[in-house]
Structure formats: C-alpha cells, structure tokens
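J.: For reference, the chains in residue letters:
There are 6 protein chains.
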Amino acid sequence: MPFVTIQITREGTEPGADSATAEQKAALIHGVSKLLLDVLGKPMESTFVVIDEVELENWGRGGLPVEQFRARQRSRNSE
Amino acid sequence: MPFVTIQITREGTEPGADSATAEQKAALIHGVSKLLLDVLGKPMESTFVVIDEVELENWGRGGLPVEQFRARQRSRNSE
Amino acid sequence: MPFVTIQITREGTEPGADSATAEQKAALIHGVSKLLLDVLGKPMESTFVVIDEVELENWGRGGLPVEQFRARQRSRNSE
Amino acid sequence: MPFVTIQITREGTEPGADSATAEQKAALIHGVSKLLLDVLGKPMESTFVVIDEVELENWGRGGLPVEQFRARQRSRNSE
Amino acid sequence: MPFVTIQITREGTEPGADSATAEQKAALIHGVSKLLLDVLGKPMESTFVVIDEVELENWGRGGLPVEQFRARQRSRNSE
Amino acid sequence: MPFVTIQITREGTEPGADSATAEQKAALIHGVSKLLLDVLGKPMESTFVVIDEVELENWGRGGLPVEQFRARQRSRNSE
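Residue numbers (the UniProt record's numbering), protein chains in the order written: chain A, 1 to 79; chain B, 1 to 79; chain C, 1 to 79; chain D, 1 to 79; chain E, 1 to 79; chain F, 1 to 79.
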C-alpha cells in the first residue's frame with residue numbers, strides 16, 4: 001500500500017494553461033501506480049498518490065527562487 | 001514533541017460546505033493531540049498538527065483521480 | 001481516503017522500551033483512524049497511517065537538539 | 001525540478017530479500033523520472049526521488065497495523 | 001543534494017502583508033542553502049527548498065487551532 | 001511555530017564518519033531556527049526541526065541512484 005507524493009511547481013506546460021492539466025495529473029497518477037505494480041507487484045488499488053503543486057516563489061534552487069535560478073542558468077548557457 | 005500531518009481531500013461533508021469546516025478541523029487537532037497524550041504521555045502543549053487539504057484532481061487511487069476511482073467503485077458495487 | 005503521518009522521537013515511555021511499543025503504535029493507528037471516521041465520516045478502511053520515528057539527535061527545538069532543549073527546560077523550571 | 005517521495009513498507013518481494021532490492025529501487029527512480037519527462041517535459045536531470053521504507057508495524061490501514069489488516073483481508077476473502 | 005521543506009503559517013509579518021513576502025521567501029531559500037554549504041559542504045546548486053504556507057485554521061498546537069492557542073498564551077501571560 | 005524538515009543523504013563528510021555528526025546536526029538545527037527568527041521574527045522556542053537521513057540507494061537524481069548519478073557527473077566533467 002504505497003503512498004507517493006509528487007511535488008511540482010505550479011506552472012503550465014501547455015498553451016493557455018497555468019498549471020498541470022487534469023489530463024496530465026491523471027497520467028502521473030496512472031503512471032506511477034503502474035510503475036509500483038510492475039516493479040514491486042503492488043496492486044494498483046492500494047496505491048495512493050498526492051500531487052502537491054508549489055508556487056514558483058515558494059520553490060528554491062541554487063540558493064534562489066526558481067525563476068531567478070532559471071534566468072541565471074539561461075544567461076550562463078548563452079555565454 | 002510530536003508532529004502530525006493529516007492529508008485529506010478538499011471537499012465538504014456538511015450541507016453547503018466545500019471543505020472541512022473550522023469546527024471539524026479543530027476537532028481533528030484536539031483529537032489527535034489528546035491521542036498522543038493518552039497513548040504516549042506527550043503533553044498536548046508540545047504536539048503540532050498540520051492539516052493539508054488536497055484538491056480532488058490531485059489525489060489518486062487505484063491509478064485514477066479520486067472522483068473517477070469512486071465512480072468505478074460505485075458502479076462495481078451496484079452490479 | 002486520508003493519509004496521516006505521525007512523527008515522534010524514537011524513545012521509550014515504558015520500562016525497558018527504547019521506542020514506542022507495537023501496542024502503542026497499534027493504539028495510535030486505531031485512534032487516529034477512528035477520529036477521522038468520527039469527525040469527517042471517513043471509512044476506517046480508507047485511512048492510511050505512517051508512524052515516523054526520529055532519532056533524538058535528529059530532532060531539534062528552540063535551536064537545540066531535543067535532549068539539550070529538555071535539559072534547558074528542566075534547569076529553567078527548577079530555578 | 002520535481003521532487004518525488006515514494007513511501008513503501010520495508011519488506012521483500014523477491015526470494016531471500018527482506019526489503020526492496022537495489023535493482024528495484026533503481027527501477028522506481030528511473031521509472032518515475034521518465035514519467036515526469038514524458039508527461040510534463042521535466043528534464044530527468046532535475047528530478048529528485050526519495051524512497052522511504054517504513055517498518056510494517058509503523059504502517060496502518062483500516063485502523064490496524066498492516067500485517068493484521070492483511071490477515072483480516074485474507075480471512076474475509078476466504079469466507 | 002539536500003531537500004528542505006519549511007512549513008510556516010500563512011500570515012504577514014510586515015505592514016499590509018498577509019503572508020511572507022517574496023523577499024522574505026528568497027531570504028529563507030538563500031539562508032538555508034548557505035547553511036547546508038557551510039555545515040555539510042553541500043553545493044548550493046544541489047539544494048532544493050520548498051516553502052509550504054499553511055492556513056492558520058489548518059495549524060494546531062496544544063490541542064487548539066493556532067489562533068486560539070496564541071490567545072490562550074497571551075491570556076496566561078497577562079495573568 | 002515553523003516546522004522544518006531537512007532531508008540529506010546518510011554519508012559522512014568528516015574523516016571516519018559515515019553520517020553527519022551530532023555537531024553538524026546541532027549546527028543545522030541552530031542555523032535554521034536562527035534564520036526563521038532573523039527573517040520572519042519566529043521565536044526560536046517555537047521552531048521544530050527534523051533531520052531525515054536517507055540511504056544513498058534510496059535517493060535518486062537524473063533517473064539514477066545518487067552514487068551512479070555522481071559517477072556519471074564525474075565522468076562527464078573529466079571528458
């Protein structure tokens with residue numbers, strides 16, 4: 001009876017979307033439940049999944065809020 | 001100094017409510033703090049509780065978002 | 001389908017025990033599942049509980065590891 | 001930069017193993033990172049995964065420690 | 001590659017703010033990433049931080065929702 | 001009353017140590033509690049910290065267990 005937590009930034013990857021869509025969330029839920037069945041034999045019935053969407057300003061990396069981190073990465077890569 | 005996290009779906013169980021009410025949350029906080037006092041002798045003062053309400057489309061079970069999971073359960077039970 | 005995480009320090013409260021006993025853990029699991037049934041009407045079947053036991057040196061409060069924090073509290077109270 | 005936590009009971013599913021094997025863990029890590037790439041376009045490089053193995057007596061369901069819960073399920077199913 | 005979760009109540013500490021400001025969040029992200037560099041030598045690049053803001057009515061202490069807990073503390077202190 | 005969780009791999013950074021030392025853990029606890037005092041004015045007394053040490057084979061990045069990820073990074077950097 002696994003419990004999976006998926007933390008992602010709240011932002012869209014499709015035109016007009018400002019967060020993961022319901023279809024994308026359903027695909028994550030199905031995919032990770034299937035993975036636990038395939039790898040560990042856990043019945044899909046007994047796997048719980050929670051998707052935790054985190055505001056961009058609440059997510060940090062490299063000592064910076066994520067948008068500043070990404071801007072710095074892009075600027076480095078374009079040097 | 002226990003720390004308890006209660007993750008529930010954001011939905012109402014009372015007429016007109018679309019989430020747990022403040023009274024229900026207070027009852028959860030009191031009940032679980034009392035439980036830790038009764039079972040492990042932890043002073044209520046030192047127990048922290050966080051209630052994490054999760055949107056229905058962000059909660060999965062059986063490989064499905066929870067509303068589809070429930071619909072499938074109901075349909076099976078009515079067969 | 002709630003998910004409850006109970007984080008406690010790994011230490012005994014009964015003679016000879018250096019952690020919560022299996023009976024105490026079972027009482028926590030039962031108690032919190034019953035609470036969610038009573039307060040929110042959640043079927044006990046669908047509640048998951050995880051007890052996370054944390055080593056004393058890995059738990060901090062008041063800016064100190066918990067054993068030093070407690071020693072300071074005792075010393076203050078006996079003043 | 002997603003962060004995924006997979007909580008499973010500490011128990012073996014292969015002969016002689018008393019927990020998930022290193023190969024099974026590697027398969028979970030790869031599988032869920034690939035899923036986030038496929039569904040949300042997240043680069044595998046930026047996905048973190050933590051597998052949290054929980055002792056059987058620390059995991060509860062249906063108001064019971066998981067081994068008692070399973071025994072009850074088996075007994076019900078064999079009626 | 002540490003992962004840090006900072007859970008705080010959603011409330012402002014500056015005039016007119018009803019939550020931590022973007023500047024305060026950036027200071028938390030920078031400060032904790034720097035701490036892991038200083039204490040454990042972890043490169044800041046590889047530290048992730050998530051700030052989880054919890055509604056006041058979802059946070060409990062002393063068996064009470066946090067605002068009632070604080071009111072009780074103030075009333076005790078003024079005795 | 002903030003709650004901070006610091007997840008790190010279980011491995012030593014000092015000679016002869018196979019995990020963070022008690023002194024390093026105390027420094028993390030003090031440092032992050034002080035940070036919350038400095039940035040948000042939270043009294044150190046009311047901040048809880050939990051350090052969660054994760055086995056290397058249970059931590060993944062880039063779709064690989066962390067030791068394989070690091071080996072690949074080193075091999076890329078030395079090209």
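There could be a bad hint or two in this list.
To be clear about the criterion: a stretch of chain B counts as covered by chain C if any three or more of its residues have a C-beta under 8 Å from a C-beta of chain C, and this derived list gives those stretches [unchecked claim]: (1) 2-11; (2) 27-41; (3) 57-66.
Taking lysine-lysine pairs in the BS3-like style, the calculated list, with each CA pair at most 27 Å apart, reads [stated by the list, open to error]: (4) Lys42/F x Lys34/B; (5) Lys34/B x Lys42/C; (6) Lys34/B x Lys34/F; (7) Lys34/D x Lys34/E; (8) Lys42/A x Lys42/C; (9) Lys34/E x Lys42/F; (10) Lys42/A x Lys34/D; (11) Lys34/A x Lys42/D; (12) Lys34/C x Lys34/B; (13) Lys34/C x Lys34/A; (14) Lys34/C x Lys42/B.
Partner residues aside, some chain A positions facing chain E, computed with beta carbon under 10 Å [as the list claims (entries may be wrong)]: (15) Met1; (16) Val50; (17) Trp59; (18) Gly60; (19) Gln68; (20) Ala71.
Think of the hints as simulated: they come from the structure by calculation, not from any bench. Ideal Cβ positions, reconstructed from N, Cα and C, are used throughout, including at glycine.
J.: Hint by hint, say whether it matches the structure.
T.: Quick rundown of the hints versus the structure:
Counting residues of the stretch 2-11 of chain B whose C-beta lies closer than 8 Å to any C-beta of chain C gives 8; at least three are required, and the coverage claim holds. Counting residues of the stretch 27-41 of chain B whose beta-carbon sits less than 8 Å from any beta-carbon of chain C gives 10, enough to reach three: the coverage restraint holds. As drawn, the stretch 57-66 of chain B meets chain C at 3 residues by the rule of a beta-carbon pair under 8 Å; at three or more, the given contact holds. Distance restraint check for Lys42/F and Lys34/B: the Cα-Cα separation of roughly 26 Å lies within the 27 Å cut-off, and the hinted pair is therefore satisfied.
With a C-alpha separation of about 19 Å, the suggested pair Lys34/B and Lys42/C falls inside the 27 Å cut-off, and the hint holds. Restraint check for Lys34/B and Lys34/F: the C-alpha separation of about 31 Å exceeds 27 Å, so the hint is violated. Between the alpha carbons of Lys34/D and Lys34/E the distance comes to roughly 31 Å, so the proposed pair goes past 27 Å and is violated. Restraint check for Lys42/A and Lys42/C: the C-alpha separation of about 23 Å stays at or below 27 Å, so the hint holds.
Annotation: proposed proximity of Lys34/E to Lys42/F holds, straight-line Cα distance about 19 Å (limit 27 Å). Distance restraint check for Lys42/A and Lys34/D: the Cα-Cα separation of roughly 19 Å lies within the 27 Å cut-off, and the hinted pair is therefore satisfied. Our distance criterion of 27 Å between C-alpha atoms is met by Lys34/A and Lys42/D, whose separation comes to about 19 Å. Taken as a hint, the Lys34/C and Lys34/B pair is honoured in the structure, with Cα atoms around 13 Å apart against an allowance of 27 Å.
For the given pair, Lys34/C sits about 31 Å from Lys34/A by alpha-carbon distance, which is inconsistent with the 27 Å threshold. For the hint linking Lys34/C to Lys42/B, the alpha-carbon distance of about 19 Å falls within 27 Å, and the restraint holds. Proximity of Met1/A to chain E is violated relative to the hint, the smallest CB-CB distance being about 23 Å (cut-off 10 Å). A cut of 10 Å between beta carbons decides the hint on Val50/A: the least distance to chain E is about 13 Å, and the hint is violated.
Of the supplied interface hints, the one on Trp59/A holds, with its beta-carbon coming within about 6 Å of a beta-carbon of chain E, less than 10 Å. Nearest Cβ of chain E to the Cβ of Gly60/A: about 3 Å, under the 10 Å cut. The hint holds. Hint status for Gln68/A: holds, given a least beta-carbon distance of 8 Å to chain E, under 10 Å. Of the supplied interface hints, the one on Ala71/A is violated, with its beta-carbon coming no nearer than about 13 Å to a beta-carbon of chain E, more than 10 Å.
In the structure shown, a violation is registered for the earlier hints numbered 6, 7, 13, 15, 16 and 20, in ascending order.
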